[in-house]
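Put together the whole structure using the sequences plus the hints.
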Amino acid sequence: AQSVTQLDSQVPVFEEAPVELRCNYSSSVSVYLFWYVQYPNQGLQLLLKYLSGSTLVESINGFEAEFNKSQTSFHLRKPSVHISDTAEYFCAVSEGGYQKVTFGTGTKLHVIP
Amino acid sequence: DSGVTQTPKHLITATGQRVTLRCSPRSGDLSVYWYQQSLDQGLQFLIQYYNGEERAKGNILERFSAQQFPDLHSELNLSSLELGDSALYFCASSYSGGRETQYFGPGTRLLVL
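Protein chains in written order, with the working numbering: chain F, 3 to 115; chain C, 4 to 116.
These aren't lab readings, by the way, just hints derived from the structure by calculation. The beta-carbon is built from N, C-alpha and C at its ideal position, and this holds for glycine as well. Treat the hints with caution; some may be incorrect.
[Unchecked claim] In silico DSS-like cross-links for lysine-lysine, where the CA-CA straight-line distance does not exceed 30 Å:
| hint | chain 1 | residue 1 | chain 2 | residue 2 |
| --- | --- | --- | --- | --- |
| 1 | F | Lys80 | C | Lys60 |
| 2 | F | Lys71 | F | Lys102 |
| 3 | F | Lys51 | F | Lys110 |
| 4 | F | Lys110 | C | Lys12 |
| 5 | C | Lys60 | F | Lys71 |
| 6 | C | Lys60 | F | Lys110 |
| 7 | C | Lys12 | F | Lys80 |
| 8 | C | Lys12 | C | Lys60 |
| 9 | F | Lys71 | C | Lys12 |
| 10 | F | Lys51 | C | Lys60 |
| 11 | F | Lys110 | F | Lys71 |
[As the list claims (entries may be wrong)] A short list of chain F residues far from chain C (calculated; beta carbon distances all over 10 Å):
| hint | residue |
| --- | --- |
| 12 | Val15 |
| 13 | Gln44 |
| 14 | Thr57 |
| 15 | Leu58 |
| 16 | Thr74 |
| 17 | Ile85 |
| 18 | Thr107 |
| 19 | Pro115 |
[As the list claims (entries may be wrong)] FRET-style restraints, in silico, Cβ to Cβ:
| hint | chain 1 | residue 1 | chain 2 | residue 2 | range |
| --- | --- | --- | --- | --- | --- |
| 20 | C | Pro73 | F | Ile114 | 31 to 37 Å |
| 21 | C | Arg112 | F | Ile85 | 22 to 28 Å |
| 22 | C | Asp74 | F | Gln44 | 32 to 38 Å |
| 23 | F | Leu58 | C | Ser83 | 47 to 53 Å |
| 24 | C | Asn80 | F | Pro42 | 27 to 33 Å |
| 25 | C | Gln70 | F | Ser82 | 22 to 28 Å |
| 26 | C | Phe72 | F | Ser11 | 33 to 39 Å |
And the structure:
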């Protein structure tokens, strides 16, 4: 069965510093990987996803994630964070088809001015 | 605005009562998902429906039930409510499932007193 681990529940970082949010998954088959973001008092929204092809995927607001099959990881990175990036970030995995998407427990990113 | 609507936005009720949460998916989406988000349990997948049929089940209690109607809207019924059921309940939709982006509604905040 698929599962997702987000080891860091909270990550504080200073504004303009780089950040990495870690995500590891477990699955016996090929997977699709997602990062969702939840801003305060809002629902989740897709940040980026890996379906196939290039292992490096990017979002429109400067985040990127790299699919590493050998390490079963999909870490999220941003070279320089902004105050507006303060939110909770969820990694998710799916085995495709009609399979459900499994979400991690979330990482709260707190950007300090 | 994700295109997914949920009603009501807030609900306050007493222990032992029964409530119904409603979700309308994005136009064209056939799959509906229900999630529960609480401070102690994080984001928990409850159940998925595809075109009126149950597709996947997660950590849904026996006191909870859901259905998807022919017009594709969905309802989540919570009965014999307990204090611990207080949470944010999200509905999400996608065209089918698996590899697709899920679009989340704004959530229904349930408070059980």
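Does the hinted range 31 to 37 Å hold for proline 73/C and isoleucine 114/F at CB?
About 51 Å separates the Cβ atoms of proline 73/C and isoleucine 114/F, which means 31 to 37 Å is violated.
Run the distance test for lysine 12/C versus lysine 80/F: straight-line Cα separation, threshold 30 Å.
33 Å, violated
Against the 30 Å threshold, does the CA-CA distance of lysine 12/C and lysine 60/C hold or violate the hint?
OK: lysine 12/C and lysine 60/C at ~24 Å, within 30 Å.
Beyond 10 Å from every chain C Cβ - status for leucine 58/F:
18 Å, holds
Under the criterion that the straight-line Cα-Cα distance not exceed 30 Å, is the pair lysine 51/F, lysine 110/F satisfied?
19 Å, holds
In terms of Cβ atoms, is chain C entirely out of 10 Å range of valine 15/F?
21 Å, holds
If we take the beta carbon of isoleucine 85/F, is the closest beta carbon in chain C still more than 10 Å away?
23 Å, holds
Run the C-beta distances from glutamine 44/F to all of chain C and say if the shortest one exceeds 10 Å.
Label violated. Min Cβ-Cβ 7 Å, cutoff 10 Å.
Satisfaction of hint between lysine 71/F and lysine 110/F, Cα-Cα up to 30 Å
Given pair lysine 110/F, lysine 71/F holds - Cα atoms ~25 Å apart, limit 30 Å.
Is it true that the CA of lysine 71/F sits at most 30 Å from the CA of lysine 12/C?
41 Å, violated
Verdict for phenylalanine 72/C, serine 11/F (Cβ pair) under range 33 to 39 Å
38 Å, holds
Just tell me: holds or violated, for the beta carbon distance of arginine 112/C and isoleucine 85/F against 22 to 28 Å?
26 Å, holds
Of the numbered hints stated above, those contradicted by the structure are hints 1, 7, 9, 13, 18, 20, 22 and 25, listed in ascending order.
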